[in-house]
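Chains as they are written, first to last, in the working numbering: chain A, 1170 to 1405; chain B, 549 to 651.
Incorrect hints may have been included.
As the list claims (entries may be wrong) - Pairwise CB distance ranges (calculated):
| hint | chain 1 | residue 1 | chain 2 | residue 2 | range |
| --- | --- | --- | --- | --- | --- |
| 1 | B | R617 | A | D1189 | 39 to 47 Å |
| 2 | B | G640 | A | G1263 | 37 to 45 Å |
| 3 | B | A600 | A | R1257 | 41 to 49 Å |
| 4 | B | M549 | A | E1245 | 19 to 27 Å |
| 5 | A | P1280 | B | N629 | 25 to 33 Å |
Don't read these hints as lab results, they were simulated from the structure.
Cβ coordinates follow ideal geometry from the N, Cα and C atoms, glycine included.
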Amino acid sequence: MAESTVIGAGTRIRGRIHGDGDLLVDGFVEGDVKVSGEVVIGASGLVGAAVQGSRITVRGAVRGDLSATLSIHLEEGARVVGAVRAPRVSVASGAMYRGILHTAAPGEPVPTIAGLAVTPAVQTPAAKAQAAPLARPAAPVIQAGLAVPGRAPAPAVIAAPAAHAVNVAPAAPVVNVVNVAPAVAPSAAGHGFSAPLVSATAESDSDGENLDTDDAEGTMPALRRGARGQVAKKRG
Amino acid sequence: MSTIIAAGITVEGEIVADEDLQIGGTVRGKLTSKDVVAIEAGAVVEADVQAASLTIGGNLVGNSHVTERVDLLAGARVIGNVKAARITIAEGAQFKGNVDMDV
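With the hints as constraints, model all of the structure from the sequences given.
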């Protein structure tokens, strides 16, 4: 391939990208990425969906599963929330990562360690049942906040990252991160519902959460914060 | 820095760019740029295009709304309406659609 595909920093794509060749993402992609060659998520890149390639190098932010036939490298500054699966995986110092990691090629069984059954962590039905009712009480609170004009409800939103840090840490080791989201329901639901509210105050709110997402999944505050500057810039 | 969709790559969805867009592959959906959009020979674009300027050497099926100029190069194949301040159509370009130059 003479030239490789580049998604520049000023470009946003909502939809699927697939085909043969390499891909460099410095912009924003919300949609599955599946290419035969190498995928590089640059420092300003943000991908909000699953990524598949032969090699994947991440310096930016990804919320979604990474799957590579050869290797995955999370470099300094990378912010990744999602499952990682490749025969060879490296995580550099300074990379932030939350999720389940398998060192096996996509589709192959995960190698077992002698005497240890390695099974993918799956959220139990009990956990799901518990998460669902939790999610609901949060909604009316935030919606009530939406009705108030101006910055009044901001403290509730700012509180969200702190709640994340406290809630997520104990849950992370056992449960697949993709499934963790509902378990942190009070804050996670807050993200989803608070998005329009926060965007109104985003310019002055240095601690505000990222505004650009319409999903209700919880993510690392750092992941969103990293992406925020870029998104806000484009908006303005 | 600009965005390049190389030959062999398909994008299905919406592309919104503040910068140049160079399409060598396939795009289906919608294409919006504040700058130049170039559809190269061999590229297939099935999308409505909005841009400051549009150069077409490949295939475009869809309406285009361009604030400055549209250039259909030899070898271009365009089906759709074109609205632009200035339009050039090179000999050898195929075109089916309406042209609106705001006269």
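Hint check:
1. Between R617(B) and D1189(A) the Cβ separation comes to about 33 Å, which falls outside the hinted range of 39 to 47 Å.
2. Distance hint check for G640(B) and G1263(A): the Cβ-Cβ separation is about 54 Å, which falls outside the suggested range of 37 to 45 Å.
3. The given range of 41 to 49 Å is respected by A600(B) and R1257(A), whose C-beta atoms sit roughly 44 Å from each other.
4. About 21 Å separates the C-beta atoms of M549(B) and E1245(A), a value consistent with the hinted range of 19 to 27 Å.
5. For the hinted restraint 25 to 33 Å between P1280(A) and N629(B), the CB-CB distance of approximately 58 Å leaves it violated.
The structure fails hints 1, 2, 5 (numbered hints given earlier, in ascending order).
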